[in-house]
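Residue numbers (this note's numbering), protein chains in the order written: chain D, 1 to 294; chain B, 1 to 267; chain V, 1 to 390; chain P, 1 to 421.
A portion of the hints provided could be inaccurate.
Derived DSS-like pairs: lysine-lysine, alpha-carbon spacing no greater than 27 Å straight-line [unchecked claim]:
| # | chain 1 | residue 1 | chain 2 | residue 2 |
| --- | --- | --- | --- | --- |
| 1 | V | Lys139 | B | Lys94 |
| 2 | V | Lys139 | B | Lys128 |
| 3 | P | Lys387 | P | Lys310 |
| 4 | B | Lys130 | V | Lys139 |
| 5 | P | Lys345 | P | Lys310 |
| 6 | B | Lys91 | V | Lys139 |
| 7 | P | Lys160 | P | Lys114 |
| 8 | B | Lys238 | B | Lys253 |
Which chain V residues stay away from chain P? Per the calculated CB distances, all over 12 Å, these [unchecked claim]:
| # | residue |
| --- | --- |
| 9 | Leu37 |
| 10 | Ile163 |
| 11 | Gly170 |
Please keep in mind that the hints were generated in silico from the structure rather than gathered at the bench. Beta carbons are placed, not taken as given, at the ideal position from N, Cα and C, and that holds for glycine.
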Amino acid sequence: MELLIGQMFAGLSLGSVLLLAALGLSLTFGQMGVINMAHGEFMMAGAYTAFVVQRSISDAGVSLLVSIPLGFLVGGLLGLVLEAVLLRRMYHRPLDTLLVTFGVAIILQQAARDIFGAPSVDVRAPAWLQGNIELLGAPIPLTRLFILLLSLLCLAGLVLVLKATPLGRRIRAAVLNRDLAETSGISTRRTDQLTFFIGSGLAGVAGVAVTLIGSTGPYLGTNYIVDAFLVVVAGGVGQIKGAVIAAFALGVLQSVFEFSTTASIGKVLILVLIVGFLQLRPQGIFSLKTRSLT
Amino acid sequence: MTTPTLLPDGDPQAGGLRHGRPKYLEVRDLTVAFDGFVAVDKVNLSVTQGDLRFLIGPNGAGKTTIIDAITGLVPATGSVNHTGTEILGRKVHKIARLGVGRTFQTASVFENLSVLQNLDIAAGTRRKAKELLRRRKGMDPAVQEALEIIGLDKAADKQAGTLAHGQKQWLEIGMLLVQNSDVLLLDEPIAGMSQDERDETGQLLRRIAASRITLVIEHDMDFVREFATSVTVLAAGKVLSEGSVAQVQADKKVQDVYLGTAGMEGH
Amino acid sequence: MSTFLQSRWGVLTGFAVGAVLLLVLAPTGLSVFNLALLGKFICFAIVAVGIGLAWGRGGMLTLGQGVFFGLGAYIMAMHLKLADAFLFGGSGVPDFMSLYGSGEVPGWWEPFRSPVVTLIAVVLVPGLVALVLGLAVFKRRVKGAYFAILSQALAAAFAVFLIGQQATTGGSNGLSGFRSFFGFDLKDPSNKLMLYSIAAVVLLLAVGTSRQLMNSRFGELLIAVRDQEERVRFLGYDPATIKTVAYVIAAVMAGIAGALFVPIVGIISPADVGVIPSIAFLIGVAIGGRATLLGPVLGALSVAIAQASLSSTFPSFWVYFQGLLFVLVIGFMPGGLASLPGLVSRLRRHRAEQHPTEQRKTEPAPPRPILAPESAPPATATEVPEEASR
Amino acid sequence: MRVSVTTRALIPLAAAAMVTALTGCGSQISDPASANSTASGGSSCVDTSGSSVKVGFINSLSGTMAISENTVFDSLSLAAEEINAAGGVMGKQLQVISEDGASEPTKFAERAGKLIQQDCTAAVFGGWTSSSRKAMLPVFEANDALLFYPVQYEGLEASKNIFYTGATTNQQIIPALDYLAEQGTKSIFLVGSDYVFPRTANKIIQAYAAAHGMEVLGEEYAPLGSTEFSTIVNKVRDSKADAVFNTLNGDSNVAFFRQYKSVGLTAASMPVVSVSIAEEEVPGVGLENVEGQLTAWDYYQTLDTPANKKFVAAFKAKFGAERVTSDPMEAAYTSLYLWKAMVEKAGSFEVDKVQAAAGGVSFEAPEGTVTVDGENNHITKTPRIGKINSEGLIETVWSSPAAVEPDPFLASYDWAKDLGK
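One chain only, chain D, in its complex shape (with noise of 0.2 Å):
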């Protein structure tokens, strides 16, 4: 019982982490066709603003919570430049995306063994996140209810910008109709470069998150991105809700192939369930549904 409720949450927090890291691609490669390698990359920026952020103010906790605003702005200003750099011409080239992306993302990465060594540095967790509460005598660990609701927090703030602010309304125009939004007057210029901010901006959030997990070093990123990538898909793009239900239904089954199998065996499941998946429904959970054929 004890070891069913603690695996049923480790498949929820799993969930949780793919989402934080999904979350900004299901904008940026969901709703802009990019396919941005460089995500993981920019988690991996959005974790070492948070040991840069601790080296300065020595306080886990206050630093943490500084550092998840500023993950944002350091992981959103690097989607800006990425995209007005590059990006900003390859809209018409989707698959181009991707190894473009891929070279800035080992170019990120070498920068980041530049700056901070090779070694991966430590970032502390706040006091008041060390240790668990039990629930039914399975230890849930604050790090990860932490992860958890600030997975839930992101989410509610992407669905209300999406849903009621003018630049969702331009941003969720632009994914139904390009054209028709820039005939329509809607600067897909500037909702282009919000939208790749927002998203990036995420990507910087969940960089910060993992730190309280896991390691954080240059390669950061590669432990992310593919997972993230199949997350999205799973889910539809265009679709937030089908990546939330994506990545927490991978999130808990994964969690069961590795506690009933091994935790490599448990990957490769994963990796071929998402595949025979996609045979199923090419499209993902939700499907966008326009008139024209994409």
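Since the structure of chain D is already known, use the hints to place chains B, V and P on it.
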């Protein structure tokens, strides 16, 4: 310019061929719904070989959707019967192989290939694997003929992407011809053409239609009046009226839809 | 010049020059070590030829070529391990199995004792896997980014799987320590020369095959599918079949390259087949010119040579350089170096005309809807890759 | 059927190549006995005529393993500098040629080949992962060259072309188990990264446990580089084992210890013995996460020997006071000195003479005196259990009374008879 294989002599006429056993396309209760929105609502439509049918109607009437449904692009319910064969529910390429060809509003040619290559591909559906793996040698007679018919024989080696807009439309029609389709579904074939090009296209349509089942979507009422042998008017996904140009024009319902006769009279 | 290069005699001359370079000059001019190195690069170039076909001509961004490369390589490596165990061990059980495994050869290894089965399987297994995968994926119209990400996930899964099977695949160690190749002593320099020559001939054959396919009707059809997949469907073709054929050919080339890689390099490990090596296969193709015949080969060879000579001296610099290559070539010169002459002449023409024409480059596989909604504007004029016209 | 010009051109080409291949091919292996005699295929090109001699360092300077291997490269450089300052080897200055293994086994094999055949180095030092060693082994055997491998590993290997200066299993894993047994540990849980070393180590641990009445409550592997340990940590916690034996590698340790701690497991409640966490990894894992946990090595920076004091001081002087020294670094440093001693004993740089002279060569290493075992090319080492202290350094809490003879195949352990079959 007339040659026996692709364009037999004759003119299209309302109701199609009156002799032999003409081929036909019969659409029954065709319904297409997107997410609850019914774009095409129980449409019945029947075109016989030798008829040059125009499909007209205001924007959003469901004209293109009907063609999409017939060619298998969007799922639909009802029935589409091509001379005894039910084609609804088959895959797009299977429908095409049953002799149903179409063109697109925005001319969709292979811009990175030459005019000749475009036609050669269209003519090659039935080629064997061995033929496919070999280099194209000489010119298929049908392709040669189509080049002359669409007036692009001088431009055979030009990149299709560099053609003028009208020429691309013709190339698409040429592709339909060599594809050996007996059902031609043309979506606004004269959009963006000059008056001279329109006339030429119209003449071409007449000659093509004489021996085929032809359905043309068109907005230009002058063009419809000049070349249609019969017309179906569509509004809000339903068939509003059907008949000759004169009959349709006289229809009160049609006039209402087009905000009085002014719209029908053209510009 | 360019007309000569495209004429039949030009092509023949080109092949002859290539053959002389690879089969005569390289073996006489290079040391044993450098020749083996070149042999390894040639294996990468063979993979690149396949990618050029699938990606450059077919628009399928395959991020999973490592899987097929790995299949061919592991099949060959299994055979070599079994043969060595028989020749040297007597027991017929490869060394690592008795060290880390049960000491028994698993059943699925057994077929590869036979040299004939191995040679057939090297071609057939990657081909069949690609066939099943291709049909499954392309019939369901999974394409573009989805296909790319899926193939990447497969490469990741394949590597994780191999690592997990310590007892039967050598795990992260991979398979290494081969001593003989179909009875020939691998230490003997003249046998090394033989392996190199086989690889070089296979490369020439691969280029020849690719050329034949590109120039055939199939090649034209492949471009049509790349640019306007839906349109091809309306002509009565099933694009899935066409794409699958190109995908299978690319997979078979990768498999053969993998099989040659094993005796030449002496090791195959999961690090050679995962996500990163799969992407690395692409960079040379992109640099040389993905849609051209020789671009992928020359690109792959030059990137490999550059890496071998630069990466040890300046490890950090090399990573930046590689990243920049991706960014600059794909971001600003999608046609690769092969498009340079065209770009220059266009620029010159552009200056001469003195009025800017709006040019938008399209990627080989524009995902733009061909059937735009009724209000869609007319398609923009596209720029044409050089090689596509003949 | 018409065949295209291309194809027609290729047929004679292919034919010509086949002829070349068939006539040009060398010895065929028909008789296994004669095959072994051809072993000395590579004739050495080492040039010792000048005032210097070339040695090769091969480490991953890029890629994921660079984190660890850079430290080995540094201590190798230090040793070379010291040896040169003291007059070189047999009066010849060492000229170091360094190659990047890029964390890929294939790259290691290729670069090792370059160091031997192209650069004609007298000996090569480096390698870290088992896969890099396995990849290089055939290269060194085929060319009959020497590799000095400085990292603890899974044993079951003894090539005459490799000198192993790190611990084999009976100098690290078995002593750690002995220590646990001594402390009254009745049950353990095994956690490792999914690759050769942990899997082989765990096989040995299983056999040891079976023979010594210790219960193994679980054996879990995480993919290399994995940072998701919720499930494994849950299983560990649920098992209520007395101790955890940790063979995780690299960054996985960070994630493991953080998540271990977050479910309320501590060094006091369930100690973890790690065999891959050395001094330089502690800051990355986070001292607060591993303080008080155990490690099993043969060397710690805190060792109180004169040779170590000198080594640590020299290292800090060269690379900075904030740098630490660790077991693999010490083993690498030692390896260069051992080679020097072998060469001087042999009076020659030639591989077969060095090999013949190797047995019994000893060196006053920072970890204590080490002696080369001429049988298996390993060295004697002194196993030590350490505890991570509040400064992030490791203090010895237990040490073997005497140096332990290397036994890579565990031939002297009865319970290990069925291993490696």
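Unmet hints by their number, sorted upward, for this structure: 9, 10 and 11
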